[in-house]
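J.: The lines below spell out each chain.
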Amino acid sequence: MKLIDEFRDPALARQLVESIRGAATRRWTLMEVCGGQTHGLLRHGIDEELRDVVELLHGPGCPVCVTPATVIDHAIELALRPGFLLTTFGDMLRVPGSDRSLMQAQAEGANLQMVYSPLDAVKLAQELPSTQVVFFAVGFETTAPATAIAVSQAQALDLPNFSVLTAHVRVEPAMEAIAQAEDCRVNGFLAAGHVCTITGYDQYYRLAQRYRMPIVVTGFEPIDLLVGILRCLQLLEQGSTEVVNAYTRSVRPAGNVAAKEILQQVFVIADQPWRGLGEVPLGGLILAPKFRRFDAVDRFGLERTSIAVEDECQSGAVMSGRIRPTQCPHFGSRCTPQSPLGAPMVSTEGACSAYYRYSNLVPLNTSPAS
Amino acid sequence: MNPGPTWHCPTNTGVGSDRVSLLLGEGGRGSRDFLRQQITGRFPKVHAAFADAVHLPNVPGRLAFTTDSFVVSPLFFPGGDIGKLAVIGTANDLAVSGAKPRWLSLSLIIEEGFSIKVLEQILDSIAATAELVGMQVVTGDTKVVPAGCVDGLFINTSGIGECVPGFVSNTSTLAPGDVLLVSGPVAQHGLAVLATRERFEMHSPLVSDCGSLWPAVQTLIEAQIPFKALRDATRGGVAAVLHEWAADCGHSLCVDQNQFPLTDEVRGLSELLGMDPLFIANEGTMLVAVPEIYVEPALTALRAVRISQDAARVGRVEPKSIVPVSVRRTLSRPVPLDEPMGALLPRIC
Amino acid sequence: MCLAIPGHVVRWLRRDPPFCEAEVDFLGVRRVCNLSCVPEAQVADYVIVHAGVAISLMDAAVAHQLLEELRSIENPVNRGEPGDPHE
Chain Z
520 MKLIDEFRDP
530 ALARQLVESI
540 RGAATRRWTL
550 MEVCGGQTHG
560 LLRHGIDEEL
570 RDVVELLHGP
580 GCPVCVTPAT
590 VIDHAIELAL
600 RPGFLLTTFG
610 DMLRVPGSDR
620 SLMQAQAEGA
630 NLQMVYSPLD
640 AVKLAQELPS
650 TQVVFFAVGF
660 ETTAPATAIA
670 VSQAQALDLP
680 NFSVLTAHVR
690 VEPAMEAIAQ
700 AEDCRVNGFL
710 AAGHVCTITG
720 YDQYYRLAQR
730 YRMPIVVTGF
740 EPIDLLVGIL
750 RCLQLLEQGS
760 TEVVNAYTRS
770 VRPAGNVAAK
780 EILQQVFVIA
790 DQPWRGLGEV
800 PLGGLILAPK
810 FRRFDAVDRF
820 GLERTSIAVE
830 DECQSGAVMS
840 GRIRPTQCPH
850 FGSRCTPQSP
860 LGAPMVSTEG
870 ACSAYYRYSN
880 LVPLNTSPAS
Chain W
26 MNPGPTWHCP
36 TNTGVGSDRV
46 SLLLGEGGRG
56 SRDFLRQQIT
66 GRFPKVHAAF
76 ADAVHLPNVP
86 GRLAFTTDSF
96 VVSPLFFPGG
106 DIGKLAVIGT
116 ANDLAVSGAK
126 PRWLSLSLII
136 EEGFSIKVLE
146 QILDSIAATA
156 ELVGMQVVTG
166 DTKVVPAGCV
176 DGLFINTSGI
186 GECVPGFVSN
196 TSTLAPGDVL
206 LVSGPVAQHG
216 LAVLATRERF
226 EMHSPLVSDC
236 GSLWPAVQTL
246 IEAQIPFKAL
256 RDATRGGVAA
266 VLHEWAADCG
276 HSLCVDQNQF
286 PLTDEVRGLS
296 ELLGMDPLFI
306 ANEGTMLVAV
316 PEIYVEPALT
326 ALRAVRISQD
336 AARVGRVEPK
346 SIVPVSVRRT
356 LSRPVPLDEP
366 MGALLPRIC
Chain L
2 MCLAIPGHVV
12 RWLRRDPPFC
22 EAEVDFLGVR
32 RVCNLSCVPE
42 AQVADYVIVH
52 AGVAISLMDA
62 AVAHQLLEEL
72 RSIENPVNRG
82 EPGDPHE
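Those protein sequences? They're chains Z, W and L, same order as listed.
Each residue of the first sequence is one higher than the one before, starting from 520 at the first, in my numbering.
Each residue of the second sequence is one higher than the one before, starting from 26 at the first, in my numbering.
Each residue of the third sequence is one higher than the one before, starting from 2 at the first, in my numbering.
Looking at chain Z on its own, in the form it has when it is part of the complex (with noise of 0.2 Å):
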């Protein structure tokens, strides 16, 4: 596939992986932001295959893993409604709310339909209009242009069957939250390249500045992630803090004018409490007063209620990279893919799942490769 496959490329991989092992003189510990990042970096078994020269931890960039319970709460309420239909991303079925998943509402009557754009609800409601239409929206600042576009289509529609139940949450506040945090082991950040596309990464220097950390903006294949690793560990055997774009194929620094001025029209920037990290300040987008009447917490008259408390399910201290997930005491035992005690078990981007799911906790006896 043109422009994937490249980023593919085994011959070149290797290369980077020598590269990469020539250029550290120590063991380094680098953050990487973005949960499909995660999914890449086991997919590919980089993680292991550099274990000796960094240390990966995977951040919180899981849109999935932190919305808050409540909100699920909330979808799974409305999906129960007679007359309504509930829309959302396939990631979001198995999620568990505060005692269930949507998939599991679903058993008991839960309207549903999966859908792969927020635009496809616009449609839906159009084509139902005797159905009150929700779209169940999670997602960093890369979808959130999305929704955005959604909810400005049902204005210019007057669409009066169509909301959205928001979960949007922003990748900045986040980093800032864990480079401050005391017991920071992070060296580096790997920045979340869909979201720089949109972002753009200026406001990164004044993070990299005040934390003293190298930032590099990183993209999601192979070769992305193997270059994103290798730009920041040269950056710290230099002593730099700089940032730098190591996915410039699709980020510019300033990221994308159009969708942000999207963004403003449509979203205001609000505190947010984020499952597993509790409140964080200026780390969502609320609808704008003049797009309000889509809300649709406002509209149905459902209870914002602030989050939960966790118990058992330490996903707080996994994405901000204090234990690992393999440290929790619930993982593989009572915390399965199967049998989720928090979203990080449950998205395949997860952190947990990914664990569970790709990494080698003994080492594989295989042949060497040919």
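Among these hints, one or two may not hold up.
Claimed, not checked - In silico SDA-like links for lysine to any residue, alpha-carbon gap of 20 Å or less:
#	chain 1	residue 1	chain 2	residue 2
1	Z	Lys642	L	Asp46
2	Z	Lys521	L	Phe20
3	Z	Lys521	L	Arg15
4	Z	Lys521	L	His65
5	Z	Lys521	L	Asp46
Said to hold, decoys possible - Just some of the chain Z residues that point at chain L, by a computed CB distance under 7 Å:
#	residue
6	Leu522
7	Glu525
8	Gln632
9	Tyr635
10	Thr661
11	Ile668
12	Gln672
13	Leu676
14	Ala698
15	Thr716
16	Thr767
17	Arg768
18	Pro772
Honestly, the hints are just simulated from the structure, not real lab data.
Every residue gets a Cβ at the ideal spot worked out from N, C-alpha and C, and that includes glycine.
Following the hints, position chains W and L against chain Z.
T.: Just chains W and L now, kept in the frame of chain Z:
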């Protein structure tokens, strides 16, 4: 359809209208009319009573016997329909057991109100597919259930096949060094159904691989390939088969993701939806395990028939390690391949 | 997070925001995508699509330049490994 007079008795028998009625499955006149009109015409070997047992001819060797139920939604998808699938699924289960598919039972569970026209289309498809794979429908049953009890139409088929002496799929015989082959491009069926069922608004030339594997098994037998194991990679895809085989033989299996043939549209759609083709269902693609020295003759034989013309070598059996199934992707280091858990969902995250 | 993949613009369908729509091809799979965030995209351009919305115009020249640089600069470091003969 019904050549009788144009008037209908108000206490109708359930046939003659354009919808399936509950009466049709109640026995008596309605059932008999249905049988005559819809079943025996298409399947002449079905005993007229459609109820009592059929007597099968003598065959010299052993028999293989299998059963499966089909509940696919939607009933029609690019490359097939529930009727074709109900024949192919059972025929393939026999084929990968090393048995030539011969006789088939056909049981229909129909939702009240189901369109007779659609039912006829599906029965035609069953008849055509059965002929294509060389199976005879010899017995069956029809039930109609109240609306809402099933999703349109469920089908159960059982099949009997004739075993070919000397060729058995026995996964417990897999040994380190044996080589794994795949008969063709993977993930076509699951994605074709998903793209039709869900509201993804994707327009693709994607077509299910739904097709008979017997020609591929037959060509291996004719080429005297002493295969050790065959399995059609249906639900859970290739990954499910690999995990079953690893558990059966007690060794580890390692595959190379890049060796699996994929069509362009499967690549495009699986990238878009964030789904791994190794976990997606097939209905005309199998895994084959052969001793190393038979790899080339096996591939040559497979590539000579249409259903397996893109057969490829994809992996091997290795000494037991802590990881039952592993996969090589970009780096040469193998990483564990998950065992499929539940339905695979598309993701955007 | 944020699965986004490149596809090429086949044709524009409408250009009025917020409905800017074009047909985008991903190896033969076609989908109508919203191009509100990349109004400058032209037919045959590669756009990166996430959840039905193009989030950026892919700079293919930059992509190939990076690959060229990597192949020429990032040679295996002298660890006794033979270099890759292909460059």
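J.: The structure should be examined with respect to each hint, and the outcome stated for every one.
T.: Consistency of the hints with the structure:
no.: 1; hint: Z/Lys642 <-> L/Asp46; in the structure: violated (26 Å)
no.: 2; hint: Z/Lys521 <-> L/Phe20; in the structure: violated (27 Å)
no.: 3; hint: Z/Lys521 <-> L/Arg15; in the structure: violated (26 Å)
no.: 4; hint: Z/Lys521 <-> L/His65; in the structure: holds (11 Å)
no.: 5; hint: Z/Lys521 <-> L/Asp46; in the structure: holds (12 Å)
no.: 6; hint: Leu522; in the structure: holds (5 Å)
no.: 7; hint: Glu525; in the structure: holds (6 Å)
no.: 8; hint: Gln632; in the structure: violated (15 Å)
no.: 9; hint: Tyr635; in the structure: holds (6 Å)
no.: 10; hint: Thr661; in the structure: holds (4 Å)
no.: 11; hint: Ile668; in the structure: holds (5 Å)
no.: 12; hint: Gln672; in the structure: holds (5 Å)
no.: 13; hint: Leu676; in the structure: violated (9 Å)
no.: 14; hint: Ala698; in the structure: violated (19 Å)
no.: 15; hint: Thr716; in the structure: holds (5 Å)
no.: 16; hint: Thr767; in the structure: holds (5 Å)
no.: 17; hint: Arg768; in the structure: holds (4 Å)
no.: 18; hint: Pro772; in the structure: violated (13 Å)
Checked against the numbered hints given earlier, this structure breaks hints 1, 2, 3, 8, 13, 14, 18; the rest are met.
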